[in-house]
Amino acid sequence: MTTKAEAGVAVLGPGAIGTTIAAALHEVGRTPLLCGRTPRDSLTLRDRGRLVVVPGPVQTDPAGIDRPVDLVFLAVKATQTAAAAAWLAALSGPDTVVCVLQNGIEQLESVTPHCPQARVVPAVVWFPAQAQADGSVHLRGNVRISLPDTSASQVVAQALKGTRCSVELASNFNALAWRKLMQNAVAGLMALTHRRAGMFNRSDISRLTLDYLQECLAVARAEGVELGDEVPRAILDTFQAFPADMGTSILTDREAGRPLEWDIRNGIIARRGRVHGIATPISDVLVPLLAAASDGAG
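Numbering-wise, the sequence shown is residues -15 to 282 according to the working numbering.
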């Protein structure tokens, strides 16, 4: 059966991030088309005692899409982008904006080849949302995204206007993206230790974290990104302020035995460091360990 994309907005990848965005739209009467690998009748978001149920169903066959939509929120993991290529082709056209709700700073390079007609907008996602064993999503903070200040981003901002998701159109988007990359890189330590945010209050882990963040900062600055000396300490403070049981997506993937986003979150620091002749001794240890945890035999 052909599915008409009457909503004009699709959420591709109804995991933790996708469910949160879908719920934000549904709450204000803009229920999106839901697309993913697993058939589900609805999505459920839990937020400080509130329950938001987004009606489905989740569409699982891109061949059932009969025309492009105006806006796609791409919320699959970066490791799943290639697998979502058929969806991107079906949902996007020359008038489509694709907002990439993924980690990393290489969103344009990785997504654009799969939807060359569309306008692709990279995003920085700032909210903590965790998938639960029952399939629901637990939101543990306010919902906010940052976008570059472009005309395509205005389409995204308009779609989310009046929702719980605040949108920042940032002239310094590159700096924000690198700051979030540094935060995500540190989260790799959680995947390796199988520990949650409480571990950052250990003095040995906090020292390692600061040293790693200084390494990341040196690479970011070599890339021409303007970030202040205070950023490493501020990122560590953020982790130390989290509830002790707060997890992260890369830890969730590690616990589930899924492939990790190790290259876009950690490998990129070493890769870009080599380009600029910057030593990255901590990355040189962490990256092969994360790669082995994700992809290695044994």
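Hints are computed from structural coordinates only; laboratory data are not their basis. Note that the Cβ used here is the ideal one computed from N, Cα and C, for glycine as well. It is possible that some hints are incorrect.
[Said to hold, decoys possible] Just the calculated beta-carbon pair ranges, DEER-fashion: (1) Arg205 - Arg51: 44 to 52 Å; (2) Asp279 - Pro100: 45 to 53 Å; (3) Gly(-8) - His178: 36 to 44 Å; (4) Glu214 - Ala281: 39 to 47 Å; (5) Ser155 - Leu192: 48 to 56 Å; (6) Gly208 - Gly13: 37 to 45 Å; (7) Ser26 - Gln142: 40 to 48 Å.
Hint check results:
no., hint, in the structure
1, Arg205 - Arg51: 44 to 52 Å, "holds (45 Å)"
2, Asp279 - Pro100: 45 to 53 Å, "violated (29 Å)"
3, Gly(-8) - His178: 36 to 44 Å, "holds (42 Å)"
4, Glu214 - Ala281: 39 to 47 Å, "holds (42 Å)"
5, Ser155 - Leu192: 48 to 56 Å, "violated (34 Å)"
6, Gly208 - Gly13: 37 to 45 Å, "holds (43 Å)"
7, Ser26 - Gln142: 40 to 48 Å, "violated (26 Å)"
Hints 2, 5 and 7 from the list above are not met by this structure, while the remaining hints are.
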